[in-house]
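S.K.: Chains as they are written, first to last, in our numbering: chain A, 1 to 188; chain B, 1001 to 1433.
Some clues are possibly wrong.
Some chain B residues near chain A, calculated using beta-carbon distances under 10 Å [unchecked claim]:
| no. | residue |
| --- | --- |
| 1 | Tyr1275 |
| 2 | Met1276 |
| 3 | Ala1281 |
| 4 | Met1318 |
| 5 | Ser1319 |
| 6 | His1321 |
| 7 | Val1429 |
| 8 | Met1433 |
Quick caveat, the hints were computed from the structure, so don't treat them as lab data.
Backbone N, C-alpha and C define an ideal beta-carbon position, used for all residues, glycine too.
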Amino acid sequence: MSTAQNVEPVAEAPRMYGLLAEFHDVQTLLNAAVALRKAGYKKWDCYTPFPVHGMDKAMGLRPSILPWIALAGAMAGVFGILALAPLCNAFLYPMIFSGKPYWGLPGHIPMAFALGILGGTVFVVHGMFVLARLPQFYHPLFSTERFRRVTDDGMFIAIEATDPSYSPSATTQLLKKLGAAAVEEVRD
Amino acid sequence: MSNKIIQLGPKDQFYLDELGAPIISGGLIAGIVSLLVAAALGAAMHDGWRQFLFSYLTAWLLFFVISASSLFFVLGHHLFRASWSVVVRRLAEAMSCNFIPLLVLTIPLLLGFHKIFIWTHYNYVHSDLNLINKTSYLNVPFFMIRSVIYFAFLIGLSLYFRNMSVAQDQDGSVSRMLRLQKHAAWGFLAVFWIMNFAGADYVMSLQPKWLSYMAPGFFFSGVGMAVYAVLPLVAMWLQRRGKLANSITVEHYHDLGKWLYGWAMFWAYLGFAQYMLIWYANVPKETTFFLFRTVGPWMYITIALLFGHFIVPFFGLMSRHVKRHKGLLAFWCLWLLFFAYVDLFWQVQPLVWVNTHAGLAAVANNHDPYKLLGAVEKIVWNPLQPMSLALDALCLVGIGGLWLAHTFYLLRRSALMPIRDPKLAEGLVLENM
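So that you can see chain A by itself, here it is in the shape it has in the complex (with noise of 0.2 Å):
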């Protein structure tokens, strides 16, 4: 009997994903923010219960560019429309409608407003979903107990080990000082 036939296959070892920190209030998580923006991290980010205020500014996010990507939705619907309507009923099926011009912008004002809004929609969504990254079936912070509490009371800042500044224990360190009532190191 060759032994081969028993071993098993080696389990990869665990990636290390990064740091997740808890804290409990909401002054301590912004302050915290502010101060790892300030000490240079990049990857890392803050996960909530709830939207908190003045969170984009501590974290230095710059605006979304979804208003662009929704203003340029809407602009495809209202002038798609007003190109394709009079293509159709002035050029390629020229038909009178209730004694109207082949070409009578009016009636088209309505289709446009309403593509405009749809492309708008669409685009907004679509968007969101992209740059979101969404759907995302699996992430590394699912793997500890210690993050479903996210829904509910949870405040937590992760950063990811990939991060230039990213040292075990500095970063360690740095978190406790910030006022993190946990630590804990997320293996993927």
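Got chain A; can you put chain B on it based on the hints?
M.R.: Chain B only, in chain A's frame:
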């Protein structure tokens, strides 16, 4: 959830005190002098006061609707239990309590009633079956009864809401707020319907043969927008002089800017809906509305309105960065305030000469459309002559000065903010996401 800490500053920040005195006396003097000069100019025009009456009506309507719209804002605040608007509510309350001076200012309009409203002429009404059928609604006694009802409700509601709010400054009673919220429910609907009927009575009936279900709403949305331009401007003026310095923040300006934008767009929506239905049906008694507003010089004003009231602000005021920038917001407030007046001017003034004997004869005897257009163009030029525009400006300064003086008189008599409103703390720390 907000973590802001607001330092409100010293107590005198919340009282207008001596700062209001020059506005009150200046507004009074400017108002009375302008109205007297306007009356002299109107008499000197030898047109039977016609242009003066219409200029006066336009200016009066502007401030009537601004007052009604600020009452609408106060009622909406209570109805929706808003907290963000607490900091500017007292300013809106003071602006809404102008109906008694406005009622006094209707005296010239009542004296010229027969000249302004063509449907008061027996011969004119009895020349047209449609108008005969309308007489059950459109007759002088019923018009006056309706006006009395409008003013009774507007005066009663505005005084009740302001007095309760001022009384709350003393006792901080929550029950007052609850009572106001209860009455806001019917009051909001009442003011909405009053403004719809007032629009039909005061503006639409200038052209009594015309039909449009959209017209009263169009009138209220376009001119009512002005209050969301006036509120930020008054707030900025106060803040530059150290009043309410820390209470009204960029977040409140942002929200007021949203309202301004929303009302401007709602005007465009109703205006286009009205235009498209009239264009589509192409019925003569409806299209005359646009006939008088698209011949000759009025075509340029119509296009200026389309761009100035809709397309340019649509892109200019869209961004949140514009609404959050005080200087840019002030620019757009002035811009839209100007176009609110142009909109009202466009609704009222083409009709100054249309319903005179000369005007009616010119329209009636021309069956050739090109001659008709020529005849109409001659009539609608008159309100755009320099003298007529000077009268418009004088009436605007006149009624506006008196309106401003009375508003600041009321502002001076109480705190500039509901200082003991239960929702004030929530309103102060407002943050837009």
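S.K.: Each of the hints needs a verdict: does it hold here or not?
M.R.: Results of checking the hints against the structure:
no., hint, in the structure
1, Tyr1275, "7 Å, holds"
2, Met1276, "5 Å, holds"
3, Ala1281, "9 Å, holds"
4, Met1318, "8 Å, holds"
5, Ser1319, "8 Å, holds"
6, His1321, "8 Å, holds"
7, Val1429, "9 Å, holds"
8, Met1433, "6 Å, holds"
The structure agrees with every numbered hint stated previously.
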